[in-house]
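If you want the building blocks of each chain, they are given just below.
2 protein chains.
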Amino acid sequence: MKNAHSLQPFWENVEKALRLQHYFQRMPMHSLSVSGYTIHLGALAEALPTLWLQGQWSAIAVVCDENTYMHCWPLLQPLLPAHLALHLIVIPAGEAHKNVHTCVRIWEDMLRAGLERSALVINLGGGVLGDMGGFCAATFKRGLDFVQIPTTLLAQVDASIGGKLGFDFGGVKNSIGVFRHPIAVYIDPAFLHTLPERELRSGFAEVIKHALIADAAQWEALRQAPLESAVHNEEVILRSLRVKQAIVEADPYEKGLRKALNFGHTIGHALEAWALDGPLPLLHGEAIAAGMMAEAFLSWQLSGLPEADLEGIVQFIRRIYPLPTLPETSFEQLIALMRHDKKNTGGHISFALLPAIGQVQVDSFADEAAIREALCWYNTVL
Amino acid sequence: MKNAHSLQPFWENVEKALRLQHYFQRMPMHSLSVSGYTIHLGALAEALPTLWLQGQWSAIAVVCDENTYMHCWPLLQPLLPAHLALHLIVIPAGEAHKNVHTCVRIWEDMLRAGLERSALVINLGGGVLGDMGGFCAATFKRGLDFVQIPTTLLAQVDASIGGKLGFDFGGVKNSIGVFRHPIAVYIDPAFLHTLPERELRSGFAEVIKHALIADAAQWEALRQAPLESAVHNEEVILRSLRVKQAIVEADPYEKGLRKALNFGHTIGHALEAWALDGPLPLLHGEAIAAGMMAEAFLSWQLSGLPEADLEGIVQFIRRIYPLPTLPETSFEQLIALMRHDKKNTGGHISFALLPAIGQVQVDSFADEAAIREALCWYNTVL
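Heads up: the protein sequence lines correspond to chains A and B, in order. Per this note's numbering: the first sequence = residues 1 to 382. Per this note's numbering: the second sequence = residues 1001 to 1382.
Heads up, some of the hints might be wrong.
To be verified - Residues from chain A shown here face chain B by an in silico Cβ test under 8 Å; the list is partial:
| id | residue |
| --- | --- |
| 1 | 48 |
| 2 | 104 |
| 3 | 105 |
| 4 | 164 |
| 5 | 170 |
| 6 | 176 |
| 7 | 183 |
| 8 | 300 |
By construction, these hints were calculated from the structure, which means they are not laboratory data. Since the structure is predicted, the reported quantities are computational estimates derived from the model, not experimental observations. Note that CB positions come from ideal geometry on N, CA and C, so glycine has one too.
Can you make the complete structure from the sequences, with help from the hints?
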């Protein structure tokens, strides 16, 4: 990626800073401006009050899932203005419910609540909830204002930027959706303490990805820090957000550069869809971690990634993630799933590969034989 | 409406021109530029070839309904480039199928056809088909290019401009949708010959509305021309399009002025939804015609429309449309349906009313008693 250097400024000594950070200490509020809206990073109680100065809404609907209703809603509720009608929409949790049926439930609840176009929707939850709640808000009466409050690490560093909304359809992830920006995003790392460790690790995969494609210094720092301090470190989140911000701003509608974010995802998405029907569904980040391993192999084979870096990636990912063995009988189905990827054109399977750590090459094409080899190799290094 | 005068230029002597027009004679191609795309008015065979110079698509999917597949597809098929993969998606016809289930069918067909993001969708049909085909194109893989070829008078003068897409949900018309523009619209009045007369009359209601809200001269001309010549007159279509174009351009996201287009629609939409479950469903234009009568009464009561103009509207509409009597028992339900209108804020029911022919006043509020009186009055003048 040509602009890789411009993505690595501002915080030269990650290692030192990481050593100075303590488990979940607060830093001052940070604001990132992205495509006309603001991402607020810091305590929700400090950031949210400014929202009520931004607009006049006739009512508020909060969309949460069973988990965030239990663990996160109690933190949000006291911060909402008492004078506005409040509607709570609770949906089942999990990727398996990211489908048109859940959207229909949300729309039904919005209709039943009598939401007008002047209502505000607040999506409180992980990426699945934010994608669906955002899609329903963006399509109800052709579009209500909405705010994202991502409560998982994955959603905080990934889904919170980019305006991608939607749901899975016909076995293909996110195959129906729209691009639309929230009016604001509030990232409070305090919510991360409500997460099971497996979820935290899953989200960390996108932090790893952002480092690998555009921030070699953060990659080095991550490798050397204990995992527990890294996942709760607000500076790590901020730095990861800045990578995504720079890429999305340069390519809001995924016409080119944004494909850089696809590293690990072409194979990862296929693994996730494949595992969804099996006995051991993978979390998104787990699938992406496995996908990054296989695509790092392709990077070594096709794009000149040094072997030492391939080994570094393998070691790091194996240390963090439980990874599934892929039966050879699954390869056909996996490749068929990759063909459905939205970024494909003309029947080829397109990858974002790493010529080096901190750099990425979009529109790298691999044929079926090379993909098959990468999947075989992946099984051998587990 | 303040800009009413600027909407009435270019063709001063409508009467004379109407006399000179013959049944379906062709005029030279006209192009209107709207919000970044072009509406081509004229023979499809003449206009469509320029589309293939505008972009490179990997495949074409044509969405039609059972009727347009029979009557319109044979006219389009020879004009499509032979080298592109072609997929035909045929859905059931009619407003009763404008729902999420039909969208799911379209998405399934798009997925089965393996459409990539670089595919082009062509929607061949009336407003219902264009709204749903457009919505599915705008949301499949977060958005494919699409072209609208409206085949009904209603879709040609109304749905072709404005970028409103979507479907009915929970008994509320167009309650789910997005704003998104096609890359081009092709209006060929030749398709109108494929329509039953009832459909043609229905579409004519929007021509009447455009004249009433912004073009007093066209209103006078319409009143004096035989209906058969008016509905097949390309100049009438063009003039009607220019009204909508001027309003939509001034207010693309329905924040204010665009509500002017709502004349007849607050009550009309409620009538349409109410009749949908009854033994005699109304066509959209028939419902709007009845709605315009009732809202003309409100205009006389609340906005100063002269009584002579109210009578002129009643006479003209009664001459063209079969209109249903509204049982008093339906009034509650009708008013509840009006409350669901997307343009409402703060619980009031908002109308676009006529202070005079060719002028419109948005955000005119009527209370329930006034609406009830208008519905009673409507029954008496049938």
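task: List, from low to high, the hint numbers that the structure doesn't satisfy.
output: Those not satisfied are hints 1, 3, 7 and 8.
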